[in-house]
Amino acid sequence: MRRQWLTMILSVMLAAGAQAQQAKEQFFPLLVYRTGPYAPNGTPWANGKQDYIKLINARDGGINGVKLTFEECETGYATDKGVECYERLKGKGASMIDPQATGITFALTEKAPVDKIPLLTLGYGLSAAQDGNVFKWNFPLMGSYWTAADMLIQQIAKKEGGFDKLKGKKIALVYHDSPFGKEPMPMLEERSKMNGFELIKIPVTAPGVEQKSAWLQVRQQRPDYVLLWGWGVMNSTALKEAQATGYPREKMYGVWWAGAEPDVKDVGEGAKGYNALNLNSSGQAPKVIQDILKYVHDKGQGTGPKDEVGSVLYTRGMIIQMLSVEAVRRAQERFGKGKVMTGEQVRWGLENLALDQKKLDALGFAGVMRPLSTSCADHMGSTWARVQTWDGTKWNFSSDWLEADTAILKPMVKAAADKYAADKKITRRTPEDCQS
Amino acid sequence: MAFFIETLIGGLMAGMLYSLIALGFVLIYKASGVFNFAQGAMVLFAALAMARFAEWIPQWVPALANPIVANVLAFALALGVMVLVAIAVEKLALSRLVNQEGITLLMATLGFTYFLDGLGQTLFGNDIYKIDVGMPKDPVIVAESLFQGGILISKEDLYSALIATVLVALLALFFQKTATGRALRAVADDHQAAQSIGIPLSTIWIIVWSVAGFVALVAGVIWGSKLGVQFSLSLVALKALPVVILGGLTSIPGAIVGGLVIGVGEKLSEIYIGPMLGGGIEIWFAYVLALLFLLVRPQGLFGEKIIDRV
Amino acid sequence: MFYREAGQFKSTYRADQQILPIRQDRVAMALLLLTAFVIVPLTAPEYLLRAILVPFLILSLAALGLNILVGYCGQISLGTGAFMAVGAYAAYNAQARIEGLPLIVSLLLGGACATVVGVIFGVPSLRIRGLYLAVATLAAQFFVDWAALRLRFVTNGSESGSVSVSGLHVFGLPIESPASKYLLCLSFAVVFALLAKNLVRSGIGREWMAMRDMDVAAAVIGIRPVHAKLTAFAVSAFIVGVAGGLWGFVHLGAWEPAAFNIDRSFQLLFMVIIGGLGSISGGFLGAAFIVLLPIALERLPQLLHLPVSTAMSSHLTSMVFGVLIVFFLIVEPHGLARLWATAKEKLRLWPFPH
Chain A
13 MRRQWLTMIL SVMLAAGAQA QQAKEQFFPL LVYRTGPYAP NGTPWANGKQ
63 DYIKLINARD GGINGVKLTF EECETGYATD KGVECYERLK GKGASMIDPQ
113 ATGITFALTE KAPVDKIPLL TLGYGLSAAQ DGNVFKWNFP LMGSYWTAAD
163 MLIQQIAKKE GGFDKLKGKK IALVYHDSPF GKEPMPMLEE RSKMNGFELI
213 KIPVTAPGVE QKSAWLQVRQ QRPDYVLLWG WGVMNSTALK EAQATGYPRE
263 KMYGVWWAGA EPDVKDVGEG AKGYNALNLN SSGQAPKVIQ DILKYVHDKG
313 QGTGPKDEVG SVLYTRGMII QMLSVEAVRR AQERFGKGKV MTGEQVRWGL
363 ENLALDQKKL DALGFAGVMR PLSTSCADHM GSTWARVQTW DGTKWNFSSD
413 WLEADTAILK PMVKAAADKY AADKKITRRT PEDCQS
Chain B
73 MAFFIETLIG GLMAGMLYSL IALGFVLIYK ASGVFNFAQG AMVLFAALAM
123 ARFAEWIPQW VPALANPIVA NVLAFALALG VMVLVAIAVE KLALSRLVNQ
173 EGITLLMATL GFTYFLDGLG QTLFGNDIYK IDVGMPKDPV IVAESLFQGG
223 ILISKEDLYS ALIATVLVAL LALFFQKTAT GRALRAVADD HQAAQSIGIP
273 LSTIWIIVWS VAGFVALVAG VIWGSKLGVQ FSLSLVALKA LPVVILGGLT
323 SIPGAIVGGL VIGVGEKLSE IYIGPMLGGG IEIWFAYVLA LLFLLVRPQG
373 LFGEKIIDRV
Chain C
11 MFYREAGQFK STYRADQQIL PIRQDRVAMA LLLLTAFVIV PLTAPEYLLR
61 AILVPFLILS LAALGLNILV GYCGQISLGT GAFMAVGAYA AYNAQARIEG
111 LPLIVSLLLG GACATVVGVI FGVPSLRIRG LYLAVATLAA QFFVDWAALR
161 LRFVTNGSES GSVSVSGLHV FGLPIESPAS KYLLCLSFAV VFALLAKNLV
211 RSGIGREWMA MRDMDVAAAV IGIRPVHAKL TAFAVSAFIV GVAGGLWGFV
261 HLGAWEPAAF NIDRSFQLLF MVIIGGLGSI SGGFLGAAFI VLLPIALERL
311 PQLLHLPVST AMSSHLTSMV FGVLIVFFLI VEPHGLARLW ATAKEKLRLW
361 PFPH
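Chains A, B and C, in that order, are what the protein sequence lines are. Counting from 13, one number per residue, gives the positions in the first sequence under our numbering. Counting from 73, one number per residue, gives the positions in the second sequence under our numbering. Counting from 11, one number per residue, gives the positions in the third sequence under our numbering.
Heads up, a few of these hints could be off.
Keeping only pairs whose Cα atoms sit at most 27 Å apart, straight-line, the calculated DSSO-like set for lysine-lysine is [claimed, not checked]: (1) LYS284(A) with LYS377(B); (2) LYS277(A) with LYS299(A); (3) LYS406(A) with LYS209(B); (4) LYS277(A) with LYS377(B); (5) LYS227(B) with LYS284(A); (6) LYS263(A) with LYS227(B); (7) LYS205(A) with LYS182(A); (8) LYS213(A) with LYS422(A); (9) LYS209(B) with LYS263(A); (10) LYS163(B) with LYS263(A).
Not the full set, but computed from the structure, chain C residues with beta-carbon under 7 Å of chain B [claimed, not checked]: (11) VAL126; (12) VAL129; (13) ILE130; (14) LEU136; (15) ARG137; (16) TYR142; (17) ALA146; (18) SER190; (19) SER197; (20) GLY332; (21) VAL333; (22) ILE335; (23) PRO343.
Distance ranges between label pairs, derived from CB positions [to be verified]: (24) GLN302(A) with ARG168(B): 37 to 45 Å; (25) PRO272(B) with ARG24(C): 52 to 60 Å; (26) ILE114(C) with LYS170(A): 51 to 59 Å; (27) ILE114(C) with LEU156(B): 50 to 58 Å; (28) TYR344(B) with LYS170(A): 44 to 52 Å; (29) GLU281(A) with PRO55(C): 36 to 44 Å.
These are computed hints drawn from the structure, not numbers from a lab. Every residue gets a Cβ at the ideal spot worked out from N, C-alpha and C, and that includes glycine.
Taking the hints into account, I'd like the entire structure generated from these sequences.
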């Protein structure tokens, strides 16, 4: 606790320094939620992002000499606070933003193009935003809820022995009753039609504090599998209720936001066998984590507790920040090395990321994530994830890398993007525009 | 049929757990005429105190690492904290808001909610914490011979419901049979009259808020053990509000009966009516159910009839 | 010395019945309106307009509506967020389904739908009173929360339950810049404040106040409780619905049902109580307090260069907010409007003590 205070003091002094907008500093606004029902999951995410910024400053001296600064703003997962934070921080030279919440993403999707600030929504947000020709300023890197839903069905099919074995089976979706929870439904319905399984939708009123009826329904319907689409406290409560109603946890599959330590730690043995998707690895082995421990935590600059470093959400936050930093670096390659990048330039950088395995190894991310490369048409960059299983004390990977089925995904994304473009009267981008 | 009985039993037990929280509301309203919107925050605060003390006591005094001892001590410490909170509330806020309108007091308790939320998270942290009082987590299946598949009963809920019943019985006894209980009821009736016959108002209020704090602690331990202790525990109070108004703001048996009715109504509606409407209806259904009862009996099932002097 | 009405004689009833009979008040109001309409949009920074003044104006409009119900008619309602949601979604539907409908008409239609819903949920008030009614109105809150997520026609078929609007314009002028948004909200707030002020001074307003003070006696002298209570719900819901439409369209741009949840209802009730029950200006004062205070509290550690983490800052804001609310209720239970009225009274006598 004392250590937390110390690190908080030091980190905020850094932030206070960020107030003075000096010439050669790249500013990153950090929208976080360290309070409220989603805080247990939001905190490691935010800590991962901050630690990576500190690492780049401490180890590399910034991006080609441009120091990184940041300022945190507490949103509590509320849309209007998120909008207020955005308005306050965008004036400080923000060149990109990660809202950390689906609701805030929807609100900022309207404002970001006007303010020319790209939105980085790794693994969440609008699934249709993968189509960069319509959504110029949204970047759902590494996955969306449609890819997640598709990959989970693939894994279930694997477990059953083939897609044809899915016919007649029942799959229940226990979801957070909000746009976040409802987003996977189009993909699941499409798959349900294709593969012949019955999709049962069971909503849990946000924030998911009492789920007895949902799990009684699960017991009534006796689905063969349950997909858990929750965030924050809903996940651990769901696992506890699953235990209390005797639903086998091995048959439960969660999205990558329902598969982190805060969700299962206090259920412990009760969650043994629970599976969830993961976009990245966890643990303290990767080189970049070791670097963070060496350059940041050992110097007393760590944002959160040391044993949180390397946890699932921490690593994911770190990846988000790494992608932001690499986007700035890429933008600098085109627009001027050693200069501060604007939102438009960083947007180009995000659209032209090419992180192959060699580059990832050089950055210290070997084994953490798969290679990623974005383009004008594809703002996602990579559609791979793995399934991990909780053994009572830690997560272990229990599947190979799964890739979302582009044959199903692409037409759905295009249709949704076209609909959005028609509603908002946006025209698809031209090839010339892609070069800018 | 078996599933219907399962749902029924599940609803009854959930209802008892709601009553636990509703009790806190009723107690404070009965004795001080204040509708304590901060009850949910008090439940959370008490649960946080218990969870963290249980974690910290073995660290502070390694000799007391035995989980049972740690839990008992943590409970006692948490109770002490709640009594302190009660004293603070009475001295700093309630005594200065004597005889204000109901809505002013309601708003004061809402302000108190914000304060308690912030204080709890500052002192104890905002992660998910564990309360382990040895409640069994796995369910038990009964009557397998009568019904195919048997009826599933959650053991944790069963024990919690029993604890709630015992607590309610004790409280009812306290209010009816002891002198302090009578004094509390006198204060609930009319502050000024009670004061004029010599009942010390501030002491009574401290006692009432402490008892409500104790109830909040028990509710917090039970719910915290079930759901884990973190911020949204205070939102369970929103589910207990229909219980309070259904049973009547001034009646302890009302809180129980109301709890059972709301619990059963909620679960049955969600399971049987829910799928027709797409699900997720239980929270507003509980309120609508309470509303319908109120239309027939505007003071709740067991509440005191509202008498107006014109 | 300055605030005297000596020499200001009224020779017509009309002049006597003005909202602001004292000339100094009229001058002050004119200056305030001039500042608000002309000086502020020209000089205020974008952050102030977008993130502080626009929410302040919209929430004061909503607080105005709620004040009519709670302050003037005495019916405690905790379902205000729901009426805002109805107004917002109805306006969205009007805008999305009817091509080329003017923005103001959509917002007013949103208010009209909120009125219908408000009257429906106001029916229990004929039988249930006091705190029981307060909790019963939560039924409206949760029902609308659920309906916005579940009923497809509410969100015009949006898959996720989240809707967005763009390209707003009024009489051909686009509402894109912060100044234009501010002016739109300000216009709505001023017009509705004037309408509300006149409404509460009229016969219906007196009916409401009679119901609030002693409803049995009011019924005895011939005021129909049904009429009074339901019109209060209707008018209140209309204003709150329009405010909801503005909140969604102008402030957020894209919203989901959680934007109008129970926290919003509590926030509005706070504004009404802190601002002063039964007072039109109270809504504005309360909204200013509730909107500005958390932002100021969160920025305070930074300004004072105190090393405080965002989480701690948020908790401290919560605590100080709670303490200040209790403090205000102890010091002046009738709200900021009463404080202001007392100040004006003292000003009338100044520099003399009595």
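Query raised in the report: Which numbered hints turn out to be false for this structure?
Result: 1, 4, 10, 11, 12, 13, 14, 18, 19, 24, 28 and 29
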